[in-house]
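Protein chains: 2
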Amino acid sequence: MAELHGNKFGTHRVIEPKGVLPQPAVRVDNDMSKEYDNEILCDVITLNVDSASFTQIKDEAQGDVEKIKSTMFSIVDKFGKHKNPVTGSGGMFIGVVKRIGSALKGKIDLKEGDRIASLVSLSLTPLRIDEIKKVHVNTDQVDIKGQAILFESAIWAKLPTDMDDKLALAVLDVAGAPAQTATLVKPGMRVLIVGASGKSGLLCSYVAKKYAGVTGQVIGTASSESGAAFLKEVPFLDATFRASATDAVAMYEKTAELTDGEMVDLVISCVSRPDCEMGSILPCKDGGTVYFFSMATSFTKAALGAEGVGMDVTMLIGNGYTKDHAKISLEYLRESDYIKKIYQKRYVD
Amino acid sequence: MAELHGNKFGTHRVIEPKGVLPQPAVRVDNDMSKEYDNEILCDVITLNVDSASFTQIKDEAQGDVEKIKSTMFSIVDKFGKHKNPVTGSGGMFIGVVKRIGSALKGKIDLKEGDRIASLVSLSLTPLRIDEIKKVHVNTDQVDIKGQAILFESAIWAKLPTDMDDKLALAVLDVAGAPAQTATLVKPGMRVLIVGASGKSGLLCSYVAKKYAGVTGQVIGTASSESGAAFLKEVPFLDATFRASATDAVAMYEKTAELTDGEMVDLVISCVSRPDCEMGSILPCKDGGTVYFFSMATSFTKAALGAEGVGMDVTMLIGNGYTKDHAKISLEYLRESDYIKKIYQKRYVD
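Taken in order, these protein sequences are the chains called A and B. For the first sequence, this note's numbering assigns the number 2 to the initial residue and increments by one for each residue that follows. For the second sequence, this note's numbering assigns the number 2 to the initial residue and increments by one for each residue that follows.
Simulated from the structure, these hints should not be mistaken for lab results. Virtual Cβ for every residue (Gly too), placed ideally from N, Cα, C. Hints are supplied without guarantee of correctness; some may be wrong.
To be verified - One-sided and incomplete, this derived list gives chain B residues near chain A with beta-carbon spacing under 7 Å:
| no. | residue |
| --- | --- |
| 1 | Pro275 |
| 2 | Phe300 |
| 3 | Ala304 |
As the list claims (entries may be wrong) - Straight line, CA to CA, 25 Å or less: simulated DSS-like cross-link-like pairs of lysine-lysine:
| no. | chain 1 | residue 1 | chain 2 | residue 2 |
| --- | --- | --- | --- | --- |
| 4 | B | Lys255 | A | Lys9 |
| 5 | A | Lys324 | A | Lys59 |
| 6 | B | Lys286 | A | Lys108 |
| 7 | B | Lys211 | B | Lys187 |
| 8 | B | Lys108 | A | Lys324 |
| 9 | B | Lys255 | A | Lys19 |
| 10 | A | Lys79 | A | Lys135 |
| 11 | A | Lys286 | B | Lys211 |
| 12 | B | Lys328 | A | Lys286 |
| 13 | A | Lys187 | B | Lys187 |
| 14 | B | Lys233 | A | Lys286 |
| 15 | A | Lys255 | B | Lys9 |
| 16 | B | Lys233 | B | Lys211 |
| 17 | A | Lys9 | B | Lys286 |
| 18 | B | Lys187 | A | Lys255 |
| 19 | B | Lys286 | A | Lys324 |
| 20 | A | Lys187 | B | Lys19 |
| 21 | A | Lys167 | A | Lys187 |
| 22 | B | Lys286 | A | Lys286 |
| 23 | B | Lys108 | B | Lys328 |
| 24 | A | Lys328 | B | Lys286 |
Unchecked claim - Under 7 Å between C-beta atoms, here's a sample of chain B residues computed to sit facing chain A:
| no. | residue |
| --- | --- |
| 25 | Leu125 |
| 26 | Met296 |
| 27 | Ala307 |
| 28 | Gly309 |
| 29 | Asn320 |
Put together the whole structure using the sequences plus the hints.
Set out below in structure tokens:
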């Protein structure tokens with residue numbers, strides 16, 4: 002069959018509604034027998050479902066693995082991609098390059114047989130699942146047999162050879178957050194990491210302390226007892242407290258206590274549950290910045306919430322992509338033996 | 002009846018769910034016979050419904066004024082505040098101060114009888130509507146008889162005496178956008194105003210040109226034919242084009258054409274309809290900034306959309322509040338005879 006030519010952004014795969022981009026699209030074409038000259042076809046090994054999405058699926062299935070599987074099959078059947086209709090979010094995959102379209106071949110630093118991680122969201126990636134081999138309920142990772150397509154504008158990273166795939170995947174999944182934390186934190190800043198014990202929160206805490214330095218103060222929070230106990234041992238946190246991010250008043254009061262009423266310059270919100278906007282806004286000082294990394298964040302709740310309490314804070318939508326974020330984040334992992342050990346235990350062993 | 006003492010942020014008025022702040026709350030107590038010592042009770046004259054909210058209500062009622070009225074009554078009946086359950090947004094009001102609680106009296110620059118505009122969202126403001134006198138379907142303004150409460154942390158502005166109330170209200174409704182545009186635009190920047198013919202878009206265009214200066218380029222867009230024709234006459238726009246913000250590819254191509262492929266440093270999104278995220282992201286250059294002012298913006302669509310096309314752009318959630326935004330925005334209106342005339346015709350006459 003002759004190759005077809007596709008749109009750079011992938012609009013040629015959009016079935017419904019016509020004319021929109023693949024991410025907002027309801028349904029995309031996941032027929033892998035159609036070959037486009039500017040697509041990359043991959044055999045998928047593991048899906049790393051976005052944390053907000055996986056939490057929602059897992060909660061709805063009450064942890065039942067068979068129900069999780071059937072939900073995932075039904076999402077891909079309906080939409081041609083793994084875009085959770087409740088959270089709107091996707092995740093990423095690791096796989097092996099099966100075919101590179103003729104218009105890209107030799108022009109990009111990638112060849113067939115290379116092992117890569119996709120760095121664009123599954124919420125826009127045409128995906129076919131033939132078999133779900135294993136659901137790792139505690140790591141949001143799902144081993145499958147299937148195929149996925151990367152468009153010309155997509156981003157990806159070759160898997161590093163000096164670490165386990167699942168370790169790399171865990172870092173790459175949240176790579177935008179530590180890379181953007183690095184650009185936001187300046188020496189001497191007070192930084193609050195909301196949800197510091199999780200995958201992105203722990204890496205952000207490390208980066209925040211690295212850049213805030215000895216005169217800075219990095220405070221981590223967790224909502225569970227076990228999370229809070231874990232945080233007490235984290236070497237790069239200056240202070241920690243236990244509070245649910247949905248309890249905005251507690252977040253405010255505990256932060257006030259630990260900062261002598263100064264509050265913090267920067268809040269990084271890494272909690273993958275809804276209604277955590279105000280718990281991230283109130284601890285920030287006037288003129289400070291709140292960075293929302295969680296896909297469970299509501300735009301209006303943040304915008305109107307800040308206005309509602311008369312707070313002049315800059316609020317950033319966590320862009321999953323920052324230039325060189327994969328390279329940067331993998332390097333942070335290499336730097337910290339502590340995080341490497343924790344991640345290895347959580348996401349690999 | 003003895004005065005009660007209320008929480009600074011208004012949590013004492015939250016009925017459901019308990020413990021959250023008034024904005025995220027489902028239902029607040031709008032019983033105005035309860036007197037708290039740190040509340041301001043106002044007789045409401047006019048509601049200025051948030052544009053995204055009013056558009057949704059109007060569209061659903063197919064423009065029928067009686068249906069709009071019954072929707073508004075039912076929202077306030079159900080929630081104790083005018084928080085549109087679809088858009089999550091509110092609006093603001095103008096009214097006369099009826100009672101100032103004893104804990105605030107004499108400590109704030111306000112006295113009973115003063116005419117003010119609320120600068121916090123109706124989505125958190127306890128409101129009672131006794132009568133809807135007139136629905137101004139083209140200006141999102143609704144004249145009512147009723148009462149509203151401002152909490153201690155609320156912000157408000159005394160209505161200026163040198164202009165019509167409705168003119169001031171129109172500006173104050175969108176005051177955050179021009180004030181924040183002023184802080185974002187630097188000389189020589191290329192700025193795209195998406196939805197430039199609307200209330201916030203026109204003011205933002207003026208401010209963008211003021212700060213971008215002669216070496217800058219300010220481009221305005223409109224989706225309707227009449228909007229595009231209007232923009233051609235706006236003296237402070239360097240270029241204009243007609244495209245729907247939902248058509249991301251058209252937005253990209255037309256911006257590329259007008260900027261010789263350079264794209265813009267800053268995009269200000271003022272369109273009060275859903276699915277305009279990508280139409281605002283694609284025209285931005287790598288490393289640029291996208292400022293979402295519209296309450297119809299989806300957090301995940303923006304976050305995953307930017308990642309999906311591999312664009313490293315800073316995305317800001319439009320905070321309705323910036324320090325002194327009322328004062329700043331009213332002054333911009335006074336400066337521009339052109340906008341004053343347009344606003345007068347649209348929102349007053």
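Quick rundown of the hints versus the structure:
Proximity of B/Pro275 to chain A is violated relative to the hint, the smallest CB-CB distance being about 10 Å (cut-off 7 Å). Given hint, B/Phe300 at the interface with chain A, holds; its Cβ is 4 Å from that chain's nearest Cβ, closer than 7 Å. Evaluation of the B/Ala304 hint against chain A yields a held restraint, the C-beta minimum of about 5 Å falling below 7 Å. In summary, the hint linking B/Lys255 to A/Lys9 is supported, as the alpha carbons are separated by about 17 Å, within the 25 Å threshold.
Between A/Lys324 and A/Lys59 the CA atoms are separated by roughly 32 Å; this puts the pair beyond 25 Å, and the hint is violated. At roughly 23 Å between alpha-carbon atoms, B/Lys286 and A/Lys108 fall within 25 Å of each other, so this suggested pair holds. Pair hint B/Lys211 plus B/Lys187 holds up; C-alpha atoms about 10 Å apart against a cutoff of 25 Å. Distance check on the hinted pair: B/Lys108 and A/Lys324 sit about 50 Å apart at the alpha-carbon level, beyond 25 Å; violated.
Between B/Lys255 and A/Lys19 the CA atoms are separated by roughly 20 Å; this keeps the pair inside 25 Å, and the hint holds. Between A/Lys79 and A/Lys135, the direct Cα distance comes to roughly 21 Å. Compliance with the 25 Å bound is thereby established for this hinted pair. Between the alpha carbons of A/Lys286 and B/Lys211 the distance comes to roughly 30 Å, so the proposed pair goes past 25 Å and is violated. Distance check on the hinted pair: B/Lys328 and A/Lys286 sit about 22 Å apart at the alpha-carbon level, within 25 Å; holds.
The hinted pair formed by A/Lys187 and B/Lys187 meets the criterion: a straight-line CA distance of about 23 Å does not exceed 25 Å. For the suggested pair B/Lys233 and A/Lys286, the alpha carbons sit about 42 Å apart, so the restraint of at most 25 Å is broken. Of the supplied pair hints, the one linking A/Lys255 and B/Lys9 holds, its CA atoms being roughly 17 Å apart against a limit of 25 Å. Proposed proximity of B/Lys233 and B/Lys211 is supported: the alpha carbons are some 18 Å apart, at most 25 Å.
Between A/Lys9 and B/Lys286 the alpha-carbon distance is near 17 Å, which keeps this suggested pair within the 25 Å criterion. Distance hint between B/Lys187 and A/Lys255 is unfulfilled; the C-alpha atoms sit about 38 Å from each other, more than 25 Å. Of the supplied pair hints, the one linking B/Lys286 and A/Lys324 holds, its CA atoms being roughly 13 Å apart against a limit of 25 Å. A distance of roughly 38 Å separates the Cα atoms of A/Lys187 and B/Lys19; the hinted pair therefore is violated under the 25 Å criterion.
The hinted pair formed by A/Lys167 and A/Lys187 fails the criterion: a straight-line CA distance of about 31 Å is larger than 25 Å. For the hint pairing B/Lys286 with A/Lys286, the CA-to-CA distance comes to about 31 Å; that exceeds 25 Å, so the pair is violated. Annotation: proposed proximity of B/Lys108 to B/Lys328 holds, straight-line Cα distance about 20 Å (limit 25 Å). For the proposed pair A/Lys328 and B/Lys286, the alpha carbon gap of about 22 Å is at most 25 Å, so the pair holds.
For B/Leu125, the shortest C-beta to C-beta distance to chain A is roughly 4 Å, which falls under 7 Å, so the interface hint holds. About 5 Å separates the beta-carbon of B/Met296 from the nearest beta-carbon of chain A, less than 7 Å, and the hint is met. Given hint, B/Ala307 at the interface with chain A, holds; its Cβ is 5 Å from that chain's nearest Cβ, closer than 7 Å. Taking 7 Å as the C-beta cut-off, the interface hint given for B/Gly309 holds, the closest approach to chain A being about 4 Å.
Taking 7 Å as the C-beta contact cut-off toward chain A, the hint placing B/Asn320 at the interface holds, the least distance being around 5 Å.
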